[in-house]
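K.L.:
If you read the sequences in order, they're chains E and U. If you count by numbering that gives the first Met the number 0, then the first sequence holds residues 0 to 243, one letter each, in order. If you count by numbering that gives the first Met the number 0, then the second sequence holds residues 0 to 155, one letter each, in order.
Hints listed in this document are in silico derivations from the structure and should not be mistaken for laboratory results.
Among the chain E residues that face chain U by a calculated CB cut under 10 Å, a handful are:
1. K60
2. V140
3. L142
4. Y147
5. H180
6. P195
In this text, a Cβ means the ideal position worked out from N, Cα and C, and glycines have one as well.
For reference, the chains in residue letters:
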Amino acid sequence: MNLTRRHFLVLVPAAAVAWESVVAGTPEASPNYNTSEHWWGMLVDIEKCIGCGSCVRACAKENNVPDGYYRTWIERYQISEVNGVETIEVDSPNGGMYGFPDSHKVGAKAFFVPKMCNHCADSPCTQVCPVGATFDSPDGVVLIDEKYCLGCRYCIQACPYGCRFLHPEKNVAQKCTLCYHRITQGLTTACCENCPTGAQQLADLKNPKDPIHEFLRTHSMQMLKPHLATEAKLFYNGLDGAVR
Amino acid sequence: MKFKDAAHLLRLAGVFVVGLLSFVLVRGYLVPKSFGQYGHYRGAALTEIKAQPISYAGHDTCEACHQDVLETKNKGKHAHVNCEACHGPLAKHADNPIEIKPELLDTAKLCAKCHEANSAKPKHFPQVVSAEHSAGLACKECHTPHSPAIGDGGKK
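Okay, chain E solo, but in the shape it has when bound (with noise of 0.2 Å):
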C-alpha cells in the first residue's frame, strides 16, 4: 500500500473523529424530551375504578407481559364485619385481567386497588441491585437495564409493594417502566390512556399546569405503606386504611 505522510496525517484525525461518531451512538429518540424537566408520579382514583381490567390488558399488550406475569393488575378488597371482628378478603383473579365475577356480597365493605410499580424516589430495589442495572432515572421513573442484570432476584425480594417479577424467559427483572417509551414522546401511559373512567392519571410533578396539583391540594391523598419512607409516587385518593 502506498501510504505518503501526507495522506496518513490526513487519515489517521479522520479515522479518529469517525471512530468517536460510532462510540457516541445513535443519536437520542426523542430528540425534543429533557430529563431535567420532568418528575413523573400516577394518581389513582379508588373512588372511579371500576375493576374492568382495562389497565392490564392494555400493560400486556403494550409491553408484551408473558402470561400470568403482571406489570399492573388490580385487587378487590372485601371487607366484612361478622360478630365485631373484621374479615378482609382480598381477591385478583388473573391480575383483574378480565375483570371480577360479582360476589354478591351483602353488607360488605367492597372497591377495587390498582396496583403497579410505585416509582418510589427513594427505592429499596434501586439500592440492592449489586451491578447498577436498576436505577432511577433523572425524571422520577424506575427502570431496568436487561443487558446489565444478572436475574439475582434481590430487587423482587426488596420491592415491599410486590411488583416486580423475573421474566421466565430472558431471566431478567422486569417491572412497569412508566411506559417510558410513551411517555417521553408526549403520550401517557398504556393504561392510563385505556382507563375508561379515569381512574388512573399520569402526572409529571414539575410541570406546574399538570392537574394533579390541584387534585393534591384539595383531596386527601395517600400513598402505599407510607411508613417505609420510599417516597412512593402513586397517589392514591379514597384509599382504605386495610389496603397493603
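Here the structure of chain E is known, so what remains is to put chain U in place on it, guided by the hints.
P.N.:
Chain U in isolation, oriented as in the chain E frame:
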C-alpha cells in the same frame, strides 16, 4: 545499614504497577462509556428503553382523522373514554390506515366488561345484569356505543 536486597522490592513494586495498569486498562475497556453518565448505571439504557415500539397510538392520533366520531362521542357519557380503550391497540392502523383496519367489535361482550353489575363497583357507576337487561341481545341494538344514552341515535 545498607539494605541488600532492594531488587526484590523493586520487582514486587513492578508487579503491582503492572497489575494496576492492567486493571485500569481492562476496566476502561469493559465498563460501558455511558456508565455513570447520570448515576451508577448505564446511561445508554435510557435510550434503549425509549426505543421500544408503541402499540397504542393515543387519543390525539385518532382525533386527527375521526373528527365525526369525536363529535358524537363528546355529546355523550363516553366523552372521556379514549378510543383504544374499546377498539384495542391501533398504532399500526394509524401508521397504515388503508391496509390495516380495526376489528368490528361485539357489543354483547364488550360493554359488559365495564357495565356488568358488581357489588365492588362504585355505586354511581351505571351497571346492569346483562342476562336480565338484554338477554344476550347486542347492546348496540338500542344504544349507540359512542354516545350511549337512549335517544342519542340508537335504533330504538
